[in-house]
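Asker: Let's have the full structure, built from the sequences with the hints guiding it.
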Amino acid sequence: MPPKIDREKCDSCKAEKESLCEQICPGDLMTLDEDKKAYCRMPRDCWDCMSCVKACPKGAIETRIPYQLGYHVAKLIPMMGTNTITWTCIDINGKVERFQYINRGMLE
Amino acid sequence: MKESVIKLIHTDTIPESSICVQCGKCSSGCPVAFESEHSPRKVIRFLQWGCLKEASQSPFLWLCASCQACTVRCPRGVNISSIMLSLRRIAQQQGWVMPEENLSYYKTFINMIKKRGKISELRLGLATALHKIPSHPIEDIVLFFKLLKRGKLR
Amino acid sequence: MNYLYYPGCSLKGAAIDYDESFQAVASSLGIEIKEMKDWECCGATVAKSVDEGLSETLPLSTLKNAEKEEKDLLMLCPSCYVNHLQVSLKAKENETFFEQYSFNQVPEVKQLLEVLAFDVGAEEIKKKIIKPLKGIKVLPYYGCLTVRPFRLGGKESYENPKVMEKIIEATGAQPVFFPYKVDCCGGTLLLSKEKTALKLCASILKQAKKLSPDCIVVACPLCHFMLDAKQRTIERELKEKIDLPVLYITQLLGLALGIDYKKLGIQRLVTSPKRFLQKIGV
Amino acid sequence: MQKTVPKTGIFIFDQGKRLARSIDLDAVIQRLARIKNVIRCEVLTDLAAPLPSIKEDFTSDKFNRIFWVGKFSDYQKKTIQSELSSAGLNPYMYEWCDLEEQGIGTKGVDSGIQTQKAIILIQMTLARTRLLEPLEPLELPAVDASLIIGAGVSGLHTATSLIGLCKKVYLVEKESGVGGKVASLHRLYPRICDPRCGLEFEIQKIRESDMIEVHTLSRVKSLFGSPGNFDVRIEKQSRYVSEEKCNACGECMKVCPAVIPEEQRSRESAFINETSQQVLNSLKSDKKAIHPAVPMTYPSTFVIERQYCPPDCRECVKACPALAVELEQTSSELAFKVGAVIITTGWDPYQLSKVDEYGYGIYPNVISNLEMERLLEDPPVLKEIGFIQCAGSRDERHLHYCSSVCCSVSLKQVLFLKEKLPDALCYIFYQDMRTPGFDEELYQKVKSLNNVIFIRGNPSTVKPGDNGKLRIHAEDTLSGKEIDLSLDLLVLAGGMMPSQGSFEIAQLLNLPQNNFGFFESHLQCHPEESQRTGILVGGACRGPMNISQSIESSHRAAMEVLPFLNRTILIEPKYPVLDLTKCDKCKRCMEECPFLSYVFDENGFPSLDLTKCRQCGNCMGICPLIAISLRNNTIKQIAAQVQAIKPSFISKEEPVILAFLCENDAYHAAQSAVEYGLPVPPNVFFIKVPCAGSVNNALVADALAFGIDGVLIAGCKDGQCHYVKGNQLVKTRSGDLSDKLQKMMIDPQRVRFESLEIRDSKKYVELVKSYIEELRAMGPNPFKS
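Residue numbers (our numbering), protein chains in the order written: chain A, 1 to 108; chain C, 109 to 262; chain S, 263 to 544; chain F, 545 to 1329.
Since the hints were derived computationally from the structure, they do not count as laboratory data. We treat Cβ as the ideally placed atom computed from N, Cα and C, and that holds for glycine. One should not assume that every hint holds.
What the hints assert, rightly or not - Away from chain C, derived, C-beta distances all over 12 Å, residues of chain F:
| # | residue |
| --- | --- |
| 1 | D558 |
| 2 | N817 |
| 3 | P836 |
| 4 | P865 |
| 5 | H944 |
| 6 | Q975 |
| 7 | N1002 |
| 8 | S1004 |
| 9 | T1005 |
| 10 | T1021 |
| 11 | S1151 |
Stated by the list, open to error - Simulated coverage check for chain C against chain S, where a stretch passes if three residues somewhere in it have a Cβ under 8 Å from a Cβ of chain S:
| # | segment |
| --- | --- |
| 12 | 150-158 |
| 13 | 253-262 |
Answerer: So this is what it looks like as structure tokens:
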């Protein structure tokens, strides 16, 4: 399932060079449309690595979880700190679980 | 004046009156301001004090020809012309129209639109002339026949 | 240039000559018009003074009609023009209003002078002049609502509009600079405050007389009624002879385009244009 | 690179044993002594005695950084710093932590909690201390010349004050002579003296100096480079008269057949009468195509306006005894280097023909106040004269602002007119007479004159009257009475707008202008600084002002330019550094830098122009890859500080707040809250930042991840930020984060931005208290383990 982009929020990383999601996507799937808003050009090829979600400085990208794992309400949201990453998992019943990791690599 | 401050009835234009700086440009350019003791500036001043009733009772309201000279020249951009129109409506709604004002023309006009969708100048003229004798009746009768002859009244 | 022509109450009443001369001029200038059949009064200033709702619904029906026809609206009477333009602007700017009356494309509202000067153009008019009005001094009088508050779609100045002058020059006549050209004639007050109305009109006629033009030209039926039909009454008030023929801009244009004066409704003028017609040789 | 082991000495300075009363200092010391690489850790009650031993320990390399805890007076800090730097300690190897300003010692708080909080606070700063590195200021070479654009009254004064300081000046002016608008005025108030006298005084200094190059008929064509080293290129139009040869004898003017026609002003011929004809004649200039420099005759060389020359005319060439006329001259270009630029492009009069209700351009006897200055030199006989103030100023449809000088100018004109025509009757139509300061004296003087009538009310239109007079109809708003006047002359007090040159320069240099076109600056604190470092703005190009204000402003600009003219520019080592290995070229730092300090380098990476940077850290705040750090305040240091907070120090239900406070105002509000003894709750920790805009979202995310319940970012109010818009930038960013929190099913209010002014200490305390209440209601941060 492709990432969902909040077009209001997306500022195409100022559209000068490639946007951050474009740069980070391992499958080279993200690109900008004519309104300079990011979108996933081959939704089927997206394997939900969530790199773009983590990279987006505006918090404009959200992952839709594949239906085999959960539908509708279910969400998986990362939040990046300087050397932390937190995960918020919401299951189909709206039950929330959260994890926090220290990720030393970022600041070194 | 302060005692008479009453709650403003909110309309689109009246809050604008607070930005008026009372420069008097509206009154200076108003073609009818000096026909009455109130100029548009004074009417706006009443509104700034919140004296809606005094403003609505001003004889100036019914003199205003809606020529918009005040509106387009106002340095603050106050839509004076439409404030006057709002005040006319408020005066009627609240029953503040002074007895000396003769609004028969307005009533006839509205009734005619509601009945026929259009205005007949002939009927309108006759109806108002019946309420109030014109100042030059003889000329007006001559004019009436001239217009009839020229096919201008129907 | 294809317009939906909204005549309005005056044009079918006391200003029938404006209507006639416009239709004649339009066809010879190549302005295509379709006259509206079931039109309603715009409400003038009266509806606005009594019932705000009514003052909006009246122009709305015309606008919706024009939208159906997919044409721009053409108005001759400045009062109708202002009322319609006001509502059309509201529809353009106010989204809820736009949706409330399910507009798709709000039609443009134009006044005759705007069409003549900007859509047709003075140059184009000049090419079609058959009978140039050489040596004629014409005094243009705009009145209030032609330029206020909309300045003919923002293309003109409030205080010193020049469209009529351009058209007059195109006919070969000489326009006279009239400092009182945008002052109010008092027409709207004629039936409610007659004395005031006559005073206003008198001052304009008096100033116009000082410049001794051959005729006055107007674009508003109400101004015309005041200056032309009421001229006799005003002469009485002023105790002064005025005797200035007052023509509609279309009538002047029609004469220069070589249209028969009867087709232009000139015979319907109250103040006799005889001397003026002689001067131009009609 | 060899890593130095961060060996720290911690000294808790407890003057008068104030700390010992509220916290258990022994416990603190015990806790700190256990930490690795804390070499020495002790409580001092006096500074003078232990300082030598501290110095001794440092010189014997026992520790290489010192962390001071406690409250120090400015004097004490200075003593410590000078003592230790004499021993060789780099000034950036200290850290200070004032426990009291963070709320330690507040009455009514449990001493156990206070001790715990003190330990955390010390650990926070210690984490930061470990990452300290010795820093040295940079000295960049700079040119000690400056460029002044515009040689009006402001430009001349700036120039003379700079040459007085022996700084080289290039003065560029587009007209053929210096002097600007002021030179065309007739008299100046308040002394009613001739402006040329004062200008001549400055020009004389320029004549005598060899520190200045004046380039007239010139325009700046390009300006590149950075403060301290700008490359300027100017274009010099040809003068057609040689500056070397011309001695201004005037022979050429006698033979020149071409008179420069007057500026086209359509006047309706119908309205010309005797008086108005006289008015028109007085305004006429009979300038020939070859003429002395205008407005002032410096340089003394004549100039030819070739567009007015008749074809093939060579009369002046023949007549010139010095052979100075060179009709074949062409324009030339000139390049030089300057350290800084001062813009003094001044103002233009507002086009009065736009205020068309007053018939300017139609009636010959309606004139502008500038024309009145010319008319005053030799006024025709006039009986009734009207002045309309605010013609185009303070008007929604024209200039929205008060042009600030027109009232005094009209008063001055009346005063002078009455001197020449004592019987004239003057009417002044005004909205408000604005005569600030000593101009009131002028007002009173005019008030006391006979036959000067002040009418509070704006006329609406001007109509022609009999015999070419003007008819004015107005309401005297004070009496409510109608006034009908017939005037011989009407003077419109037109307003001031930015000059055409200002717009050209703004475009050339990418200088921000305000809504009206005047150069944007922080009007209050740094009025002469534009938003581009090294480019200053002086005089009326900054806003409407009178002549003395312009002169003040230009001298101030000359003062502010001095740091750029020292041959070296000193850069404090607090500037941001970009880690190119992380940078993704997203360009956000370039976009958001309020001073356009970043440019692309040859590889497309942003590179910082150190001289333009004002070290606010907004780039550090925006960088999504946390690749930018201020050198003395790295993102790593702040992250370490955040991580050191243990939210469990207080009972589990109590929320813990981390506040990022802007050091310009919010920090002082918090600090003085403690000084005034306001009850600051113990739940809050704050970190001082150079600008609220330097707070990166990643730091906020960190704080939430470590279980801090609420993050408060406090900065300036809109429009008050010293770095233009740092507060707005962080507001948008924390708004984005709030939205994200909402998606994560966390209360978005856990991040919030608030505006605090420097004296808002009560508000700060209220804010913290109410935030604590809110957070209590939200329950603990779900990441709190």
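Asker: Please go over all the hints and tell whether each is borne out by the structure.
Answerer: Tested hints:
no., hint, result
1, D558, "59 Å, holds"
2, N817, "24 Å, holds"
3, P836, "41 Å, holds"
4, P865, "57 Å, holds"
5, H944, "10 Å, violated"
6, Q975, "4 Å, violated"
7, N1002, "4 Å, violated"
8, S1004, "3 Å, violated"
9, T1005, "6 Å, violated"
10, T1021, "4 Å, violated"
11, S1151, "48 Å, holds"
12, 150-158, "violated (count 0)"
13, 253-262, "holds (count 7)"
Comparing the model with each earlier hint shows violations of hints 5, 6, 7, 8, 9, 10 and 12; every other hint is respected.
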